[in-house]
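Trainee: The chain contents come next:
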Amino acid sequence: MAQATRIQITDVSKIYQTETKTVEAVKNFTESVKDGEFVCVVGASGCGKTTLLWCLSGLHPATSGTVHIDGELLTKPLPDRIGMVFQDSNLLPWRTLIENIELPFQIKKKAVNRKLVDELLDVAGLKGFENSYPGELSGGMKQRGSIVRALAQDPEVLLMDEPFGALDAFTREEMNLFLLKVWERTRKTIVFVTHSISEAIFLADRVWVMSPRPGRLSRIVDVDFPRPRDIDLQFEPKFIEILKSIREDVEGSKSGKGQ
Amino acid sequence: MATDNLADKIPDFNSATVNQGGNGPVDVSAIAGIRRAKGLKEIASVIALAIVVVTLLEFILIWTHTEAYVFPKPTAIIRSLFTDFPTLYWKPLTQTVQTFFLGLIIGSTIGLSLAVLVTLKPGLDIFISPYIIILVTTPMVALIPFLMLKFGFGMTPRVIAISLATGPMVMINSATGFRRTNAELIALGKSYGATEFQLFRKIRFPFALPMIIVGFMVGSIFGLLTAVGAEMVGGGMGLGNRLIYFSSLVQMSQFGAVLVIVATFGVGIYSFFTFINRKWASWDA
Ligand SMILES: Nc1ncnc2c1ncn2[C@@H]1O[C@H](COP(=O)(O)OP(=O)(O)OP(=O)(O)O)[C@@H](O)[C@H]1O
Ligand SMILES: [Mg+2]
Chain A
1 MAQATRIQIT DVSKIYQTET KTVEAVKNFT ESVKDGEFVC VVGASGCGKT
51 TLLWCLSGLH PATSGTVHID GELLTKPLPD RIGMVFQDSN LLPWRTLIEN
101 IELPFQIKKK AVNRKLVDEL LDVAGLKGFE NSYPGELSGG MKQRGSIVRA
151 LAQDPEVLLM DEPFGALDAF TREEMNLFLL KVWERTRKTI VFVTHSISEA
201 IFLADRVWVM SPRPGRLSRI VDVDFPRPRD IDLQFEPKFI EILKSIREDV
251 EGSKSGKGQ
Chain B
1 MATDNLADKI PDFNSATVNQ GGNGPVDVSA IAGIRRAKGL KEIASVIALA
51 IVVVTLLEFI LIWTHTEAYV FPKPTAIIRS LFTDFPTLYW KPLTQTVQTF
101 FLGLIIGSTI GLSLAVLVTL KPGLDIFISP YIIILVTTPM VALIPFLMLK
151 FGFGMTPRVI AISLATGPMV MINSATGFRR TNAELIALGK SYGATEFQLF
201 RKIRFPFALP MIIVGFMVGS IFGLLTAVGA EMVGGGMGLG NRLIYFSSLV
251 QMSQFGAVLV IVATFGVGIY SFFTFINRKW ASWDA
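Chains A and B, in that order, give the protein sequences. Per full-length UniProt numbering, the first sequence starts with residue 1, numbered consecutively. Per full-length UniProt numbering, the second sequence starts with residue 1, numbered consecutively.
This is chain A alone, in the form it adopts within the complex:
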C-alpha cells in the first residue's frame, strides 16, 4: 500500500523548563505516519509519549522542529481534522453520554450528525445508554463513549493517549477488538500511545519504541500480521518473539541509561 503521508514529524524536540530544572522530554524526533496507518507508541513511563502526542495535536508547541498534517504546518489544534482521545475517558460528569458526544458539535456550532452518532453508538454497544451520566457507566463504556465522541467529528487523524490504561485485562481486549473493528471500517490514521507492548503489537501496523530521557525514537517495528486480527494472535510464536524483543529494548533503555 503506497499511501500519502498524513503526519510528518521533523526533528521535533520539546524541552520543559521549570524553575528548578530543564527536562528534554522529546528529542530530535523525525518520522512520518501514512494515511490510514495505525501506529502505536510504546516506551517506559516518563519517556515522552504524552508530550509527543500533544505536539502532534497542536495543543502545545514543540520547542523546535515542525509537525505537518497533510503537508500543512501545524500551529494550533485542528478540530475538524484531528481527534484526541484522552486517558480516563474525559467525559464531562455533568453531561449525559449523548450530551458529551454533542459537546464538540456545540463548540463548533454545527448540527449534530445524528446518523453517524447513531451508527457509532451502535457499533460501540452504547445504544440505550445515551441518557446515562458517566458516573452510571462502566469504565469500558466510558472509554467507548469518548472514542465515539472523537469519531463523531469524523476526523482524519485520531490521537489516543493510553485510552485503555485504566481498564482490566479482559475489558482491554474487548476494547482493542472494538477499536480494530471501527478502524477497519473507517481507516482513520491513528497514533496510539500505550504502556502495554502486547496491546501495541496487536493493534499496530508499526510500533514506535521510544527511549527515555531524552525521549527519542529508538526503534521502529513493522507488524505485518494479516487483518482482521483476533485475540488468539497474542499466543503465536511470532507475536511473542516481537514482544520479547521490544520488551528488551524498553527494559534495556530503562536500566542501561547513563550512556
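Worth flagging that the hints you see were computed from the coordinates, not collected in a lab. Heads up, some of the hints might be wrong.
To be verified - For lysine to aspartate or glutamate, the following DMTMM-like pairs were computed, each having C-alpha atoms within a straight-line distance of at most 25 Å:
#1 B:121 to A:136
#2 B:202 to A:19
#3 B:202 to A:136
#4 A:244 to A:230
#5 A:110 to B:184
#6 B:202 to A:99
#7 A:76 to B:67
Because the structure is a prediction, the values reported are computed rather than measured.
Got chain A; can you put chain B with the ligands on it based on the hints?
Mentor: Just chain B with the ligands now, with coordinates in the frame of chain A:
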C-alpha cells in the same frame, strides 16, 4: 489562542493529583454532607424528637422555677411569635432581609467577576489575593462604626459590610473551582477549537459549580452574621437591633422569638443552597 499557558501543565495527569471538584479551602462535606432524612417515618421521628426536646426544656424551666428574664419558656416564645409577628417582627425582618440580599447580590457579583478575572489573567492573582485574604479573615462588623461615620445610619453601611463579607468568600471558592478544572478537560475543549468563553461556559463554570455554590452558602452565612451584627451596632433597624432592644427591656420571650427568626433565616440559607447543590451539582457527590 492561548495554547501556551496549557503547555506547562499538561503531562502530569498520570500522577492522578487532579482533584475532581469537591473540597476547596472550605470543606463542603462538613456543611453540605449531612444526610437528609428519607421517608415519612424518618422525618416524623426527627420532628418527634424536636418536640420532646422542647417539651423537656419547658418542664425543666417550670420545675426549676426559672424566671423569664433568665431563660424564656419555649411556649412563651412560640406564643409571642404567633401573636406579635405582624406588629413586632415583620418590619425588622424585612429590613434585615433587604440589606442582606442587596449585600449578597452586590458582593457575590463582584466576587464572581473577580474570580473569572484571576482565572483568565492568572498574573493578577498575586495582587488581588492578599486583599481577599484580609477581607475573608477580618470580621466585617468591625467596619460598621467607621462606615456609619462615612455613610450615615441608613442601609448603605450595612450593605457595604455585607458585600465585603460575602464577596471574598464567593470569590475565593469560585476561583479555586475554576483553577482546579481538570487540565485534560480544558485540553479536550481546546482540541475541539473552543474559545476562551466557550471553555468557561461549557467546562470551567460547570466544573466549578459545586464549589461556587459552597462559596455562596458560606458567604451568605457570613453575610447574615454581618447583617445582624451590624444592626446590633447601630442604625435602629432590623432583627439585630431588636435583639438589643428586647434584651435591654428584659423582654426575654420577645428576644427569644427574634433569635428563633434569625436562626430560621440561617437554616433557610443552608437548606436553600443544599437544595441547589443537590439539583445542579449532584454529579459531584
Ligand atoms: N509540565 C512539565 N514540566 C516539566 N517536566 C515535564 C512536564 N511534563 C512532563 N515533563 C517531563 O517530561 C518527561 C516526559 O513526560 P511525558 O508525560 O510525556 O511521559 P510519558 O511517556 O507520557 O509517561 P507515561 O507513560 O508515564 O504517561 C518526563 O520526564 C516528565 O517528568
Ligand atoms: Mg503519558
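Trainee: Against each hint, give a clear statement of whether it holds in the structure.
Mentor: Now for the hints, and whether the structure bears them out:
Under the criterion of a C-alpha separation no larger than 25 Å, the hint pairing residue 121 (chain B) with residue 136 (chain A) is inconsistent with the structure, at around 36 Å. For the hint linking residue 202 (chain B) to residue 19 (chain A), the alpha-carbon distance of about 32 Å lies beyond 25 Å, and the restraint is violated. The straight-line distance between the Cα atoms of residue 202 (chain B) and residue 136 (chain A) is roughly 21 Å, inside the 25 Å bound, and the hint therefore holds. With a C-alpha separation of about 20 Å, the suggested pair residue 244 (chain A) and residue 230 (chain A) falls inside the 25 Å cut-off, and the hint holds.
Distance check on the hinted pair: residue 110 (chain A) and residue 184 (chain B) sit about 23 Å apart at the alpha-carbon level, within 25 Å; holds. A threshold of 25 Å between alpha carbons decides the hint, and for residue 202 (chain B) with residue 99 (chain A) the separation of about 11 Å falls inside it, so the pair holds. At most 25 Å may separate the alpha-carbon atoms for a hinted pair to count; residue 76 (chain A) and residue 67 (chain B) exceed this at roughly 78 Å.
Against the hints set out earlier in the document, violations occur for numbers 1, 2 and 7.
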